[in-house]
Amino acid sequence: MQSKTWKLSIKAKEKNDAMNHNTIHKNLKRSFWMFIAPCATLFTIFFLVPLALNFFFSLTNYDGWKTMEFIGLQNYVNILSDPQFYAALRRTMTYAVLNLPFRIAIPLLFAMLLTSPKIKYRTIIRTLIYLPVLLSSLVVGITINWMFSQTHGLINFIIEALGGTGLEWGANPILAMIVVSIASNWAAAGFFMIIYIGAINNISEDIYEAASVDGVNGFQRFFKITFPLLAPTTFLVILLSTVNLLREFALVQGITQGGPGTSTTFIVQYIFNTGFTQHRYGYASAAATIVMFIFAFIAFVQFKISNGGDN
Amino acid sequence: MKKNEPNYVQTGIGIILGFFMAFPIFWLVLSSFKPTSELFSYPLTLFPKDFTAEHYVNVLNNGFITYIGNSLFLAIVGTTITLIISSMCGYALAIYKGNIKFTNLVFGVFLLGTLIPGETLIIPQFSVISALGLYNNIWGVILPVVTTTTGIFMFRQFYLSVPMSFVEAARIDGASEFYIFTKIMLPLAKSTLITLTIFSFMWRWNDFMLPLLVLADQDRFTIQIAIRTYIGATGIDWSSILAASVISIIPITALFIVLQKYIVGSQVATGEKG
Numbered sequence: 017m018q019s020k021t022w023k024l025s026i027k028a029k030e031k032n033d034a035m036n037h038n039t040i041h042k043n044l045k046r047s048f049w050m051f052i053a054p055c056a057t058l059f060t061i062f063f064l065v066p067l068a069l070n071f072f073f074s075l076t077n078y079d080g081w082k083t084m085e086f087i088g089l090q091n092y093v094n095i096l097s098d099p100q101f102y103a104a105l106r107r108t109m110t111y112a113v114l115n116l117p118f119r120i121a122i123p124l125l126f127a128m129l130l131t132s133p134k135i136k137y138r139t140i141i142r143t144l145i146y147l148p149v150l151l152s153s154l155v156v157g158i159t160i161n162w163m164f165s166q167t168h169g170l171i172n173f174i175i176e177a178l179g180g181t182g183l184e185w186g187a188n189p190i191l192a193m194i195v196v197s198i199a200s201n202w203a204a205a206g207f208f209m210i211i212y213i214g215a216i217n218n219i220s221e222d223i224y225e226a227a228s229v230d231g232v233n234g235f236q237r238f239f240k241i242t243f244p245l246l247a248p249t250t251f252l253v254i255l256l257s258t259v260n261l262l263r264e265f266a267l268v269q270g271i272t273q274g275g276p277g278t279s280t281t282f283i284v285q286y287i288f289n290t291g292f293t294q295h296r297y298g299y300a301s302a303a304a305t306i307v308m309f310i311f312a313f314i315a316f317v318q319f320k321i322s323n324g325g326d327n
Numbered sequence: 093m094k095k096n097e098p099n100y101v102q103t104g105i106g107i108i109l110g111f112f113m114a115f116p117i118f119w120l121v122l123s124s125f126k127p128t129s130e131l132f133s134y135p136l137t138l139f140p141k142d143f144t145a146e147h148y149v150n151v152l153n154n155g156f157i158t159y160i161g162n163s164l165f166l167a168i169v170g171t172t173i174t175l176i177i178s179s180m181c182g183y184a185l186a187i188y189k190g191n192i193k194f195t196n197l198v199f200g201v202f203l204l205g206t207l208i209p210g211e212t213l214i215i216p217q218f219s220v221i222s223a224l225g226l227y228n229n230i231w232g233v234i235l236p237v238v239t240t241t242t243g244i245f246m247f248r249q250f251y252l253s254v255p256m257s258f259v260e261a262a263r264i265d266g267a268s269e270f271y272i273f274t275k276i277m278l279p280l281a282k283s284t285l286i287t288l289t290i291f292s293f294m295w296r297w298n299d300f301m302l303p304l305l306v307l308a309d310q311d312r313f314t315i316q317i318a319i320r321t322y323i324g325a326t327g328i329d330w331s332s333i334l335a336a337s338v339i340s341i342i343p344i345t346a347l348f349i350v351l352q353k354y355i356v357g358s359q360v361a362t363g364e365k366g
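Protein chains in written order, with the numbering used here: chain A, 17 to 327; chain B, 93 to 366.
Hints should not be assumed to be uniformly reliable.
[Claimed, not checked] Only some residues are given here: those of chain B computed to face chain A with a beta carbon under 8 Å:
#	residue
1	98
2	236
3	300
Simulated from the structure, these hints should not be mistaken for lab results. Cβ coordinates follow ideal geometry from the N, Cα and C atoms, glycine included.
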């Protein structure tokens, strides 16, 4: 008898607890959504809806104005035989692949030098190297363009002063590509240097001390210890750089605007021009869809290869 | 402390590198004070022979006061909104992780924002902005970009490192969820707030593609778009664009100098000897 009431009261208490738990959980759920709501709403309107619209537009001949007829996969068929699209895509890929090693090597060298315990004025030097990061891509382009200007630039002036002939930086496709590459690496070096400095400082001194006891030299020290330990950071640098190189747009506007001809027109500019200059929204959306999948695929592969940066 | 004796070779290389990297900016600034005739005649000199501020006067009389105002509005309002909404969002994604099952799913959806670069969505994004009546309106370049996955991510990571006992203790004391966030948890995230302030201000001040498309009337231009107008089909108006570019660098550099220890010197705080 006694044990029965005892059991009942336990049951009642459990029920009560469960109810309490439910109301608390409901309350937390409501709070969660209230905290998320502003971001979620804006993200839906300006990212998820455009994402869906992009797929939809890509199946139409929308001109951004009145015409919008469903044409199935016609845009995709046309793009896959469009030499302009392939050229822009190939150019963008080449640009990204050729610049990627510099995106790692230059910041890493800077970071190695500036974490040396024996260097003085390191904060000032770091700040000087970081300064270009503050500039907009457009102004980065303008600044470098001004130095490489064909008829009145500083670089050609120096070349001529040394007895050479000034180069046609703006008229030669390869030279134009080199100037764009210099500008983009110049602007990115400081940012990735800071990331590497943080990572280098996190490497324990004990490892180096043990290595010096074992008589490891400087080269071994870097290639056998520092560089492998920085692998997760290098992965991050590769991932961020790849995306940034593939989406290059404003920088080119400050230098060549895609020229000479279309020799520095990258894929984002191709989409932009097709959509807004030629008013082929549908066609440009289809191109954007393909590019989106390529970008996502590249990021995915990089992520898989590096195991998410975990070693 | 023999180990930390300064190495003059390393220091020398460092100074040369620093100077080399900053030199294009010095050259831009020095050139902007040269009269037009000097800009286009060899031999070039490092310092202006005939120092002049005429390009700055021209540019400022050419509407740049308005453009600076528009850019400041974009950067300040955009950054404020970003700080508020991404701190809330990142906080919720971290704190309710144990209570609500689908937080990681929500976070995963936001991560799409980094996987797919905004540039590839520019066409439908522009259609949405137009449909909402935000074409040629400064809000049309603010609202689409204030949700940044980077910002959400930064706050989420920060709050994952804060012990949950802070929140639980306050809940037992009967504090509301909103009170816990604003009065207890948000002040803890000071360094994240400052870091995101610098980045967000920089992003918004330097925004290019969306303002280029959305802002049509000259008096609504941001400074970047106004600079772009000096690049014509036939060539670049160098004397104006140099001064305009220098003006565009000033606010961001000033903010950087004030807050730089949080970026460049952030290692000092973690125990490294400066």
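A quick look at each hint next to the structure:
1. 98: 5 Å, holds
2. 236: 4 Å, holds
3. 300: 4 Å, holds
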